[in-house]
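Student: Each chain, letter by letter, is given below.
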Amino acid sequence: DGGITQSPKYLFRKEGQNVTLSCEQNLNHDAMYWYRQDPGQGLRLIYYSQIVNDFQKGDIAEGYSVSREKKESFPLTVTSAQKNPTAFYLCASRNNREGGYGYTFGSGTRLTVV
Amino acid sequence: AQSVAQPEDQVNVAEGNPLTVKCTYSVSGNPYLFWYVQYPNRGLQFLLKYITGDNLVKGSYGFEAEFNKSQTSFHLKKPSALVSDSALYFCAVRGSGGSYIPTFGRGTSLIVHP
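Going down the list, the protein sequences come from chains A and B.
Numbering (the numbering used here) for the first sequence: 1 to 114.
Numbering (the numbering used here) for the second sequence: 115 to 228.
Please keep in mind that the hints were generated in silico from the structure rather than gathered at the bench.
Mixed in with the good hints, there may be bad ones.
Unchecked claim - Pairwise CB distance ranges, derived in the manner of DEER restraints:
#1 B:His227 - A:Glu69: 45 to 53 Å
#2 B:Ile165 - A:Lys57: 23 to 31 Å
#3 B:Asn131 - A:Asn18: 43 to 51 Å
#4 B:Pro154 - A:Arg44: 47 to 55 Å
#5 B:Pro154 - A:Thr79: 24 to 32 Å
#6 A:Ile60 - B:Ser174: 40 to 48 Å
#7 A:Thr77 - B:Gly143: 46 to 54 Å
#8 B:Glu178 - A:Ser7: 31 to 39 Å
#9 B:Ser140 - A:Ile51: 47 to 55 Å
#10 B:Asn169 - A:Lys57: 35 to 43 Å
#11 B:Asp123 - A:Thr79: 48 to 56 Å
#12 A:Glu62 - B:Gln185: 35 to 43 Å
#13 B:Ile165 - A:Asn18: 20 to 28 Å
Every residue gets a Cβ at the ideal spot worked out from N, C-alpha and C, and that includes glycine.
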């Protein structure tokens, strides 16, 4: 079945540590996105990529970094510069050729600072 | 700039009763409107979309939404609620051009009581 796989499902980070969240899709979608979800705040866009080897900052990019070396993969690194990283992180993708309609979402990674 | 408002943090309804989850929006040009549902610790699942055409849009799991241009609203409805409909619901909007990045509302928690 086609879909988006996020791993790990749960991740614990120590203070001052960088961690990388994985997002892989086999939908042949061009565009990929990272969102952060906090209770009562909805989804906030961190980074997005419309095409391989290109990505753009979203609304809350500070303290995060991404790469898009392959169409299928869009990993997110939460750096030590992100002061409040505890949140639920969602990856999504979209097929540009469908006129930019709905997203397909992964199941999310819950990151906790310990 | 585009925005979405979901005025209710929580909606309570008895099983078998009709339900409405409210959404209003602001966008330049013609709106593309979406509803998604999220179950605990899961990603968002697409329910339905309005792009053009009939103002009443039918989607998954018996849900429907009514587009009202004059009131800039896109309320989600279901004639008879099920306990299994209890979840977090997100409305999203984007304009008909640009980068195809939608803006999400803060979400409404729907609780269906047996």
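Student: Now, for every hint given, state plainly whether the structure supports it.
Tutor: Hints, verified against the model:
At about 49 Å, the CB distance of His227 of chain B to Glu69 of chain A agrees with the hint of 45 to 53 Å. Taken as a hint, the range 23 to 31 Å holds for the pair Ile165 of chain B and Lys57 of chain A, whose Cβ atoms sit roughly 28 Å apart. Separated by about 49 Å at the C-beta atoms, Asn131 of chain B and Asn18 of chain A satisfy the suggested range of 43 to 51 Å. Separated by about 20 Å at the C-beta atoms, Pro154 of chain B and Arg44 of chain A break the suggested range of 47 to 55 Å.
Remark: the range hint 24 to 32 Å for Pro154 of chain B to Thr79 of chain A is upheld by a beta-carbon distance near 28 Å. Checking the proposed 40 to 48 Å range against Ile60 of chain A and Ser174 of chain B shows it is violated: the Cβ atoms sit about 30 Å from each other. Checked against the hint of 46 to 54 Å, the pair Thr77 of chain A and Gly143 of chain B fails, with Cβ atoms roughly 35 Å apart. About 35 Å separates the C-beta atoms of Glu178 of chain B and Ser7 of chain A, a value consistent with the hinted range of 31 to 39 Å.
In this structure the hint that Ser140 of chain B and Ile51 of chain A lie 47 to 55 Å apart at CB is violated, the actual value being about 29 Å. The beta-carbon spacing between Asn169 of chain B and Lys57 of chain A, approximately 36 Å, falls within the hinted interval of 35 to 43 Å. About 32 Å separates the C-beta atoms of Asp123 of chain B and Thr79 of chain A, a value inconsistent with the hinted range of 48 to 56 Å. Checked against the hint of 35 to 43 Å, the pair Glu62 of chain A and Gln185 of chain B passes, with Cβ atoms roughly 37 Å apart.
About 41 Å separates the C-beta atoms of Ile165 of chain B and Asn18 of chain A, a value inconsistent with the hinted range of 20 to 28 Å.
Hint violations for this structure: numbers 4, 6, 7, 9, 11 and 13, all remaining hints satisfied.
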